[in-house]
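Now for the letters of each chain:
2 protein chains.
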Amino acid sequence: MESSTILPLSHFSFLSQKPHGTSIGSFPLNQWNPTSQKTRLNCQKMYVPGFGEASPEAKAAKNLHNLFTYVAVRVVNAQLESYNTEAHKELTEFMEKHSLNDGDKFCAALMRESSRHKTLAMRILEVRSAYCKKDFEWENLERLAKKMADESNTRLMRDYVLETSHVETEK
Amino acid sequence: MESSTILPLSHFSFLSQKPHGTSIGSFPLNQWNPTSQKTRLNCQKMYVPGFGEASPEAKAAKNLHNLFTYVAVRVVNAQLESYNTEAHKELTEFMEKHSLNDGDKFCAALMRESSRHKTLAMRILEVRSAYCKKDFEWENLERLAKKMADESNTRLMRDYVLETSHVETEK
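So the sequence lines, in the order shown, correspond to chains V and A.
FYI, in the numbering used here the residues of the first sequence are 1 to 171.
FYI, in the numbering used here the residues of the second sequence are 1 to 171.
This is chain V alone, in the form it adopts within the complex:
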């Protein structure tokens, strides 16, 4: 395993670079940092380049934000289907014309479509906030992602071994 050989290197690079999760502008590292006590106590993290002034956590939060908007739109539209078919039709048509890749852009456009659409947009904003804060299973996300890291690595290595040993058998 190479982890022991690469982590110390990253430790040194960390000292010369701003840590990604804790670089709070020009705040010195010994100031109180509400975001991560762990980081302050044990600065052993890898230096992550390629995120500018943001962090992988901020990037992931932005992706989740768009996912929550997608979820909220689907939740609201499914609810409308049962008791307001006209609004359901209007929202469905709007969804066909507007991408949900950028959730905020979608909501901004929906608010400006008509007063009826605006009501739907307000509801979607409310649902995505409630979903993010109450329904979304954060612990489950962490568990699933860690499991996926193990399982994907095992699968990739197994597939490679099977493939190469098959080639060798054929020779």
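Derived from the structure by calculation, the hints contain no laboratory data.
Note that the coordinates shown come from a computational prediction; the quantities given were computed from them, not determined experimentally.
Any given hint could be a false lead.
Where chains are identical, the list cannot tell them apart; a pair therefore holds if satisfied intra-copy or between any two copies.
To be verified - Below, in silico cross-link-like pairs of lysine-lysine (BS3-like), each with a Cα-Cα straight-line distance of 30 Å or less:
| no. | residue 1 | residue 2 |
| --- | --- | --- |
| 1 | K105 | K89 |
| 2 | K59 | K89 |
| 3 | K97 | K133 |
| 4 | K118 | K133 |
| 5 | K146 | K133 |
| 6 | K118 | K134 |
| 7 | K105 | K133 |
| 8 | K105 | K147 |
| 9 | K146 | K118 |
| 10 | K118 | K105 |
| 11 | K134 | K89 |
| 12 | K134 | K146 |
| 13 | K97 | K146 |
| 14 | K147 | K134 |
Using the hints provided, position chain A relative to the given structure of chain V.
Relative to chain V, chain A alone:
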């Protein structure tokens, strides 16, 4: 991308802000969701359509998995830059030709490029697993996403109000 300079402020606003959008009105609240033990014990969640047999958490975990691969590739490449310029060049060239959108596909291709590339791939697998399990700040992700939900909703509504009141002023 949010600047990290706002992080200290967010702590206080996070504590003082009451979450809005907590009234979930007429939503169906008793749908059973097989993904979580919590859900089984406390079935107060919204029904989320559109994810087939998966869940929003599984979808989010898959996205994070790809993000972790991206992070690992950047971490390894930045480390190589300082002590193995040949490998750094090879990995950079490979990155230019292969998309990192699907992390597993990228790693599978890297493993099959050459024996040197295979060594790099094994290291990337190891780093992404370590990053996911040790470095990534899960609590920070949750905090940032919840903050983004509040701030985005406020911004969308404020922009709309400013825009419409501007129109009315012009009349």
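We went through each hint and held it up to the structure:
1. For a Cα distance limit of 30 Å, the shortest separation of K105 from K89 inside one copy, 20 Å, qualifies, whereas the shortest one across copies, 39 Å, does not.
2. Proximity of K59 to K89 under the C-alpha cut-off of 30 Å is restricted to the inter-copy arrangement: shortest distance 26 Å between copies versus 33 Å within a copy.
3. In this assembly of identical chains, the alpha carbons of K97 and K133 lie at most 30 Å apart only when taken from the same copy (29 Å versus 40 Å across copies).
4. Only within a single protomer do K118 and K133 lie at most 30 Å apart by alpha-carbon distance; the minimum there is 23 Å, versus 42 Å between protomers.
5. Proximity of K146 to K133 under the C-alpha cut-off of 30 Å is found in both arrangements, the shortest distances being 22 Å within a copy and 6 Å between copies.
6. With identical chains, the CA atoms of K118 and K134 are at most 30 Å apart within one copy only, with a shortest distance of 24 Å there and 43 Å across copies.
7. In this assembly of identical chains, the alpha carbons of K105 and K133 lie at most 30 Å apart only when taken from the same copy (21 Å versus 33 Å across copies).
8. Proximity of K105 and K147 under a CA criterion of 30 Å is satisfied inter-copy only: 18 Å between copies versus 33 Å inside one chain copy.
9. Taking identical chains as interchangeable, the C-alpha atoms of K146 and K118 lie at most 30 Å apart only when they sit on different chains, with a minimum of 23 Å there against 40 Å within one chain.
10. Taking the shortest Cα distances, K118 and K105 sit within 30 Å of each other inside one copy (13 Å), while across copies they are farther apart (41 Å).
11. When the C-alpha separation of K134 and K89 is checked against a cutoff of 30 Å, the pair qualifies only within one copy, where the shortest distance is 28 Å, while the shortest distance between copies is 46 Å.
12. For a Cα distance limit of 30 Å, the shortest separation of K134 from K146 qualifies both inside one copy, at 22 Å, and across copies, at 10 Å.
13. For a Cα distance limit of 30 Å, the shortest separation of K97 from K146 across copies, 28 Å, qualifies, whereas the shortest one inside one copy, 36 Å, does not.
14. For the homomeric pair K147 and K134, the shortest alpha-carbon distances inside one copy (23 Å) and between copies (14 Å) are both at most 30 Å.
Of the numbered hints given earlier, the model fails none.
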